[in-house]
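There are 4 protein chains.
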Amino acid sequence: MIVQMKKGAQAKDIKYLQDFLIEKGFGIKDASSDTLCLFGILGDVKSLDMDQIKVFPGVETVTRISSPYKLASKAFKQDPTIITLKNGVQIGGDEFVVMSGPCSVESREQLEIIAKAVKESGSRILRGGVFKPRTSPYAFQGLGIEGLKMMREVADELGMAIVTELMGTEHIDAFVKYADIIQIGARNMQNFDLLKAVGKTKTPILLKRGLSNTIEEWLMSAEYIMASGNEQVILCERGIRTFEKYTRNTLDISAVLAVRELSHLPVIVDPSHAAGKWEMIEDLSLASLAVRADGIIVEVHHEPEKALSDGAQSLKPKKFEQMMERLEKLSTVLDKKVRR
Amino acid sequence: MIVQMKKGAQAKDIKYLQDFLIEKGFGIKDASSDTLCLFGILGDVKSLDMDQIKVFPGVETVTRISSPYKLASKAFKQDPTIITLKNGVQIGGDEFVVMSGPCSVESREQLEIIAKAVKESGSRILRGGVFKPRTSPYAFQGLGIEGLKMMREVADELGMAIVTELMGTEHIDAFVKYADIIQIGARNMQNFDLLKAVGKTKTPILLKRGLSNTIEEWLMSAEYIMASGNEQVILCERGIRTFEKYTRNTLDISAVLAVRELSHLPVIVDPSHAAGKWEMIEDLSLASLAVRADGIIVEVHHEPEKALSDGAQSLKPKKFEQMMERLEKLSTVLDKKVRR
Amino acid sequence: MIVQMKKGAQAKDIKYLQDFLIEKGFGIKDASSDTLCLFGILGDVKSLDMDQIKVFPGVETVTRISSPYKLASKAFKQDPTIITLKNGVQIGGDEFVVMSGPCSVESREQLEIIAKAVKESGSRILRGGVFKPRTSPYAFQGLGIEGLKMMREVADELGMAIVTELMGTEHIDAFVKYADIIQIGARNMQNFDLLKAVGKTKTPILLKRGLSNTIEEWLMSAEYIMASGNEQVILCERGIRTFEKYTRNTLDISAVLAVRELSHLPVIVDPSHAAGKWEMIEDLSLASLAVRADGIIVEVHHEPEKALSDGAQSLKPKKFEQMMERLEKLSTVLDKKVRR
Amino acid sequence: MIVQMKKGAQAKDIKYLQDFLIEKGFGIKDASSDTLCLFGILGDVKSLDMDQIKVFPGVETVTRISSPYKLASKAFKQDPTIITLKNGVQIGGDEFVVMSGPCSVESREQLEIIAKAVKESGSRILRGGVFKPRTSPYAFQGLGIEGLKMMREVADELGMAIVTELMGTEHIDAFVKYADIIQIGARNMQNFDLLKAVGKTKTPILLKRGLSNTIEEWLMSAEYIMASGNEQVILCERGIRTFEKYTRNTLDISAVLAVRELSHLPVIVDPSHAAGKWEMIEDLSLASLAVRADGIIVEVHHEPEKALSDGAQSLKPKKFEQMMERLEKLSTVLDKKVRR
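Protein chains in written order, with the UniProt record's numbering: chain A, 1 to 340; chain B, 1 to 340; chain C, 1 to 340; chain D, 1 to 340.
It should be emphasised that the hints constitute simulated quantities derived from the structure, not laboratory data. Heads up, some of the hints might be wrong.
Claimed, not checked - Label-pair ranges, simulated between beta-carbon atoms:
1. D94(C) / L42(A): 32 to 38 angstroms
2. G43(B) / F76(C): 23 to 29 angstroms
3. K329(C) / E279(A): 39 to 45 angstroms
4. A75(D) / R340(C): 29 to 35 angstroms
5. D94(C) / E146(D): 40 to 46 angstroms
6. S32(D) / A75(A): 52 to 58 angstroms
7. A75(D) / N87(C): 50 to 56 angstroms
8. E170(A) / E60(B): 53 to 59 angstroms
9. P80(C) / M50(B): 29 to 35 angstroms
10. E170(A) / K149(B): 47 to 53 angstroms
11. E146(D) / D51(C): 23 to 29 angstroms
12. K6(C) / E109(B): 15 to 21 angstroms
13. I65(C) / K149(B): 56 to 62 angstroms
No residue lacks a Cβ here, since even glycine has one placed at the ideal position from N, Cα and C.
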């Protein structure tokens, strides 16, 4: 961390701040020139609040020169983290993993139809919401724990793993028992109580990027989970909120590259929530493969117009199969492989 | 809700959709012309998902012509909602209410010094965080329930009410017992489990706007609380996330006007989190009064450079007193009054 | 266009607005129900200002149901527009076109080194700036017309076409004389005088998306050029401004899909300006090919650290060659072909 | 400027960069510690491109510690710049200046009606567009130079000054001849050719902030004008583009405070374009006065529903008078005065 003092800062101000830092165990490295008063703070500045230093009298700017996260950083761990699920699927390795299924679990029958279809097309992780974060209190809120058990049964019959969203700490035991991957949704990316709670489990966590959170904040939320003891975190880019409203959100495809540069954690893409239009899912999935994401999570429904949520962005099984064929074909000339 | 069918939509597609709607109890009002196939959906469309209708074959666009919230809307209740606290302060009436105090409660001594100072300057609601939503897991996380009890004691001694943030459902009973206003923070604005939980209490709720949530989504979150039974909701504009980084967030002062147009709920401004710079707080507070907000919530600290959080945006007691003087003076020529 | 009147709008208000519209030659189609007063405006509403209608007394909302552009729309022209340059390169056909070269033309020597290198790797359109839109008045502003002539000579020697940015109407004749494609930069996307001026030429125009312009506004700017008589417009997505600052801009890859859905005009991607980091260019170019963009425009420099502008996002010739190889390989399994 | 080298940067890389800088005339101040290689660049770094330095091998980060503009900065000139118009109005002094008039000049009659009304209410600067930057090529484009002459005549009869937008360099002589203030619109804020051209005149310039430009970029555009020789620049905040669509743009009221902190130039607010809703203009104007802006620019029309542009955000003369009364009353308790 580098501190620049204002022109005309008084000696006593400089001393006041440096004494404060020394008392906290940090070192000071002066870097002043004739025209500039500047010094570096040495030591583990991770716990130091940049904004706090700015408040000291005479301070002009404070600049961070190391990342505020550690466990999630590539500096800490060079090798890519690979997460292995009970059914053998590996996330973060050389496979391009496809998670798919309905937005909401609506009934046993609906779930079975969709699960069988996506399994047949080569997907081995079943997605489905049983607690739904809906903007409106009047919209369908999900089947709850009953839906979760239903997912487990259907997945077991097909040899699939399941990923589903946990919205609060209340049901965490059931999720640990039944789910293979616990999803933290975009709206809860900075629900720190929830992050700490899932950090105490041993279940892999799918951490969606918040709709207006920076890449750094996203990695800080991963750090919360990891600092609590759970290092199996999968990041998921799902579009950010911008001024452009043609798509539901703006898919930040470059974020996949950024995460790979900054972190060792696997990162997948959710083209369904990013675009909000099923017509775009296939092409955006191909783009995700082209930039070497570790996979995608895609919504599929056999009767999208009757879906209880997100019908507009759900692929029909036939379209899903077509997408899988194109992904497989594309992967023949790439390092990441689509297996089915 | 108005549905426009694509040019060349088939009669069977139109019938399929209209039958689906009629079966759900809605009426249909045709509005087609020679060149356009268009119809309105009649009935209580609040529970109807616009995006779902778009999925039906042949649909071009779907347009909502009524707001998706009801209890929070001015159409539902014309008169402004006035919330009366136990210590007599009214929010939403003709008083411009000033909530103030430290970002975090750090110690009994710190809290007393600050509380006495702001009380003396005319503030009758004490703010203070005891569970802190911090981006970094390594930053100070708050004193917890002990801090909450401390706030209650100090407030009682001074005849003040208290407002403090609840981060999860776990501690809701303690908050109902000790707090006069429960704050839902920006990061939890769409933590729907939490909204439902506080909606079942009888304590007034301060609902901060999410950092990238639209005014409509904000009112939908108020609707969640109200639909659960608690109609005492105070809205709080605290700045939105934009491309501009000179300020911590961008204060959306127009949102105060928008809320007053759309809703009967009181709305206050948090200039501290919006600006992130103490130098701007005074002027932004004057602007809030000028646009007839129902109040402000402001961070105050006697030693901001040693504050455990948000020092950069905290006013010293002397500056706070100066701000109160200017607010009082300004209010002499306005309808909203600053009392002290 | 659909007009919804307020509850309680008076008959005279409705008549006042409808008379105004009828006088202007529009038709009216009533669509009211018991609870709603609603009517459609029939005719060529392209010239009608939606916002103006909102001002009439008693109007609640006005909704546009057709696009505000015509010549640029797919409804107007179904077949993709293919633009053929003098050197035979076609943009908008089955070839994935690669435009490349230095950010700024700095000297004859620099230009030749880079042009030969990119030509060798298969690029047949040379990019290069001679008038530079620089944020700072103290930064290098370009070689001007001399640089343009230099580009023409070097390109002719190598059989390449050239694309270069025009910043004002003053130099338009020289650009028509020397350039194969005239670029309108992001900052000038709504410089309507400039759009009209280039609309009067017969030279193909590369229209970059403004850094915070919607897809609709971008197509409206294309419409400006086309309505002035020049239908050879190539659109270029180059990243939009968002809250995320890790990349220079946020590449809106979905915009390529949107343009293809809404328009017949070719669309290419500029990964260099989107990312601002050379490390990301290769992967983002692959993603552009995967979503079937019509090409890319990429910055290349043999000594990026000494470039007079945009060094950070320039590929060295060796990296460029590697990218071309990967693009070629990927294109073997796609419809768009990389030829070299 | 501070350069941090990567861990493990080689001695030859450090030397290569430092030699490059020394050759350019800069000094080097080492600030390395045991764990960090860091140095400052001394000298006039204004012309140095931060991004270019990042390209050198081994560089981790480059941090600017001084502003990239000079003439516009408070460091350069402490006293506020006051601009005096021919009719005696001063901008930047203790008066809160109200510029007002129609969005577009439509006819001599229309202009006279509106000009007389606003004059009567106390406005002494007449605004009006004669070249209109319209998103659609099919919308009214303005009366051109004829409209400008009309404005001059009407203004002279009433003793008013005029402010009007120049869109291209072609008509600059006429604007210098007829206008008191030349406006550079938001869409042209980075039309650098235009900035340089008006920088060569002696007419005061009203520089609107671009709809997605940072405060720093805005001041850099002012710097362009000033570096060309014209130091009479008035800044105008007119709302920025964000995700929120309830208002046309989001008024960044804090930008007024930021400009006053960073620069000596006067800054006014355009609530009409910010809000896009006439209902909000009055309150936003009061807020602008409360934060000590140097004035406002407001659209007024006697028949807004028949206005050829921006009717939705135009005040009727009666509402304008009411606003002026409230501004005057408010100013009695503030330092900035409304005179009429």
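Hint check results:
1. D94(C) / L42(A): 32 to 38 angstroms: Check failed, 59 angstroms falls outside 32 to 38 angstroms.
2. G43(B) / F76(C): 23 to 29 angstroms: violated, 37 angstroms
3. K329(C) / E279(A): 39 to 45 angstroms: For E279(A) against K329(C), whose Cβ atoms are near 27 angstroms apart, the range 39 to 45 angstroms is violated.
4. A75(D) / R340(C): 29 to 35 angstroms: Violated, since A75(D) and R340(C) (Cβ atoms, about 53 angstroms apart) do not stay within the stated range.
5. D94(C) / E146(D): 40 to 46 angstroms: Distance hint for D94(C), E146(D) is violated at roughly 51 angstroms.
6. S32(D) / A75(A): 52 to 58 angstroms: violated, 19 angstroms
7. A75(D) / N87(C): 50 to 56 angstroms: holds, 52 angstroms
8. E170(A) / E60(B): 53 to 59 angstroms: Given a distance of about 43 angstroms, which is not inside 53 to 59 angstroms, the answer is violated.
9. P80(C) / M50(B): 29 to 35 angstroms: Given range 29 to 35 angstroms: holds, Cβ gap about 32 angstroms.
10. E170(A) / K149(B): 47 to 53 angstroms: Between E170(A) and K149(B), where Cβ atoms are some 25 angstroms apart, the hint is violated.
11. E146(D) / D51(C): 23 to 29 angstroms: holds, 25 angstroms
12. K6(C) / E109(B): 15 to 21 angstroms: violated, 57 angstroms
13. I65(C) / K149(B): 56 to 62 angstroms: holds, 59 angstroms
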